[in-house]
Amino acid sequence: MLPLSLLKTAQSHPMLVELKNGETYNGHLVSCDSWMNINLRDVICTSKDGDRFWRMPECYIRGSTIKYLRIPDEVIDMVKEDAQAKSRNRTEMNKNRGGNSSQNQRGGGGGGRPGGGNRNNAGNRSGQGYGGGPSNNAMRLGGAAGQQGNRLPHAAKNNRK
Amino acid sequence: MDDLNPLAGTAHLLEEVDKKLMVLLRDGRTLIGYLRSVDQFANLVLQRTIERIHVGNEYGDIPRGVFIIRGENVVLLGEIDREKEQKLPLKEISVDEILDAQRREQEQRQEKHRLVSKALKERGLAVDANIINEDFC
Numbered sequence: 001m002l003p004l005s006l007l008k009t010a011q012s013h014p015m016l017v018e019l020k021n022g023e024t025y026n027g028h029l030v031s032c033d034s035w036m037n038i039n040l041r042d043v044i045c046t047s048k049d050g051d052r053f054w055r056m057p058e059c060y061i062r063g064s065t066i067k068y069l070r071i072p073d074e075v076i077d078m079v080k081e082d083a084q085a086k087s088r089n090r091t092e093m094n095k096n097r098g099g100n101s102s103q104n105q106r107g108g109g110g111g112g113r114p115g116g117g118n119r120n121n122a123g124n125r126s127g128q129g130y131g132g133g134p135s136n137n138a139m140r141l142g143g144a145a146g147q148q149g150n151r152l153p154h155a156a157k158n159n160r161k
Numbered sequence: 001m002d003d004l005n006p007l008a009g010t011a012h013l014l015e016e017v018d019k020k021l022m023v024l025l026r027d028g029r030t031l032i033g034y035l036r037s038v039d040q041f042a043n044l045v046l047q048r049t050i051e052r053i054h055v056g057n058e059y060g061d062i063p064r065g066v067f068i069i070r071g072e073n074v075v076l077l078g079e080i081d082r083e084k085e086q087k088l089p090l091k092e093i094s095v096d097e098i099l100d101a102q103r104r105e106q107e108q109r110q111e112k113h114r115l116v117s118k119a120l121k122e123r124g125l126a127v128d129a130n131i132i133n134e135d136f137c
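Protein sequence lines, in the order shown, are assigned to chains A and B. Under full-length UniProt numbering, residues 1 to 161 are what the first sequence spells out, in order. Under full-length UniProt numbering, residues 1 to 137 are what the second sequence spells out, in order.
Quick caveat, the hints were computed from the structure, so don't treat them as lab data. Predicted model only: the values in this text are computed from it and were never measured. In this text, a Cβ means the ideal position worked out from N, Cα and C, and glycines have one as well. A portion of the hints provided could be inaccurate.
[Said to hold, decoys possible] Label pairs and their calculated CB-CB ranges:
#1 B:Arg82 to A:Asn37: 34 to 40 Å
#2 A:Leu2 to B:His54: 29 to 35 Å
#3 A:Asp33 to B:Lys20: 40 to 46 Å
#4 B:Lys112 to A:Ser12: 25 to 31 Å
#5 B:Glu107 to A:Glu81: 17 to 23 Å
#6 A:Ser64 to B:Ser117: 45 to 51 Å
#7 A:Lys86 to B:Gln40: 34 to 40 Å
[Said to hold, decoys possible] SDA-like, lysine to any residue: derived pairs with alpha carbons at most 25 Å apart:
#8 A:Lys20 to B:Lys118
#9 B:Lys84 to B:Arg48
#10 B:Lys19 to B:Ala42
#11 A:Lys20 to B:Lys91
#12 B:Lys20 to A:Ser5
#13 B:Lys112 to B:Asp27
#14 A:Lys8 to B:Lys91
#15 B:Lys91 to B:Gly71
#16 A:Lys80 to B:Asp39
#17 A:Lys20 to B:Lys84
#18 A:Lys80 to B:Leu99
#19 B:Lys87 to B:Glu72
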């Protein structure tokens, strides 16, 4: 699973993106491309020093400005399930192909893909904080950004602890 | 190396997959985790990652989870020797303590830089603070 495929798998999941300049963006991944350009939704931007915050409904980040992305643990598990399902599929397909070969059939449309739908069961672990960022100040989100009220889904927890 | 190989240059990184690696980023941070994937840009996927902060001969680990690191931000990486890891000549302290130590170290460094640039200024030299801050932006 290539890094960019993993990123694609992480669509709709919460993530933390740190830019080369130290700013961090917490939000849900909407889309990404092969240049690592990304769209985020429900974003909280944190300054490099970690004491200023901005909320925005969505944002676009150019891939070349990214330092790293942090994604939830379960996204990797989803990949493993997918891979298992695929290899199971492949062995079944091979079996079918062997059986059909005597019957003059081209096995193109063979069967659905059982087990392919695991993806949505993983859900978002809301307790996991993606608010750490470059500094240890994520705890201050609650206080410093009072006007943001309670709508801080995952950034307010300090994952330094 | 075979020029037709699309992974030429990163091919030897493939041998590090699933090993426990230490990755040093350009901003000076140290990450330690299991390498799960690489691509032709040397983008990395690290799982069960910790960020390790060193101050003097003390260190602290902060659990961080899964990283997708853009390759161009990596300075170096290397496998962790599991045997040597057991007998580090360093002392592990709690996250709070290491963050505190890091903050003190940072303050000392800033104070030093302040004195240096003051001394230079008195001698008629102007120095860009960003350069001596070792800030990579």
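Checked hints:
1. Checking the proposed 34 to 40 Å range against arginine 82 (chain B) and asparagine 37 (chain A) shows it holds: the Cβ atoms sit about 39 Å from each other.
2. For leucine 2 (chain A) paired with histidine 54 (chain B), a C-beta distance near 32 Å keeps the hint of 29 to 35 Å intact.
3. About 31 Å separates the C-beta atoms of aspartate 33 (chain A) and lysine 20 (chain B), a value inconsistent with the hinted range of 40 to 46 Å.
4. In this structure, lysine 112 (chain B) and serine 12 (chain A) break the distance hint of 25 to 31 Å, their C-beta atoms being roughly 47 Å apart.
5. Against the hinted window of 17 to 23 Å, the Cβ-Cβ separation of glutamate 107 (chain B) and glutamate 81 (chain A) comes to about 48 Å, which falls outside the hint.
6. In this structure the hint that serine 64 (chain A) and serine 117 (chain B) lie 45 to 51 Å apart at CB is violated, the actual value being about 32 Å.
7. One distance hint, 34 to 40 Å for the beta-carbon pair lysine 86 (chain A) and glutamine 40 (chain B), is violated here, with the actual separation near 23 Å.
8. Distance hint between lysine 20 (chain A) and lysine 118 (chain B) is unfulfilled; the C-alpha atoms sit about 30 Å from each other, more than 25 Å.
9. The suggested pairing of lysine 84 (chain B) with arginine 48 (chain B) holds, with an alpha-carbon distance near 20 Å, which does not exceed 25 Å.
10. For the hint linking lysine 19 (chain B) to alanine 42 (chain B), the alpha-carbon distance of about 16 Å falls within 25 Å, and the restraint holds.
11. Pair hint lysine 20 (chain A) plus lysine 91 (chain B) does not hold up; C-alpha atoms about 31 Å apart against a cutoff of 25 Å.
12. Only pairs whose Cα atoms come within 25 Å are accepted, and lysine 20 (chain B) paired with serine 5 (chain A) is accepted, the gap being roughly 22 Å.
13. For a cut-off of 25 Å, the pair hint linking lysine 112 (chain B) to aspartate 27 (chain B) stands: about 20 Å separates their Cα positions.
14. At most 25 Å may separate the alpha-carbon atoms for a hinted pair to count; lysine 8 (chain A) and lysine 91 (chain B) exceed this at roughly 40 Å.
15. The suggested pairing of lysine 91 (chain B) with glycine 71 (chain B) is violated, with an alpha-carbon distance near 31 Å, which exceeds 25 Å.
16. Between the alpha carbons of lysine 80 (chain A) and aspartate 39 (chain B) the distance comes to roughly 18 Å, so the proposed pair stays at or under 25 Å and holds.
17. Proximity of lysine 20 (chain A) to lysine 84 (chain B) is assessed by CA-CA distance (about 33 Å); at most 25 Å being required, the pair is judged violated.
18. For the given pair, lysine 80 (chain A) sits about 35 Å from leucine 99 (chain B) by alpha-carbon distance, which is inconsistent with the 25 Å threshold.
19. Proximity of lysine 87 (chain B) to glutamate 72 (chain B) is assessed by CA-CA distance (about 32 Å); at most 25 Å being required, the pair is judged violated.
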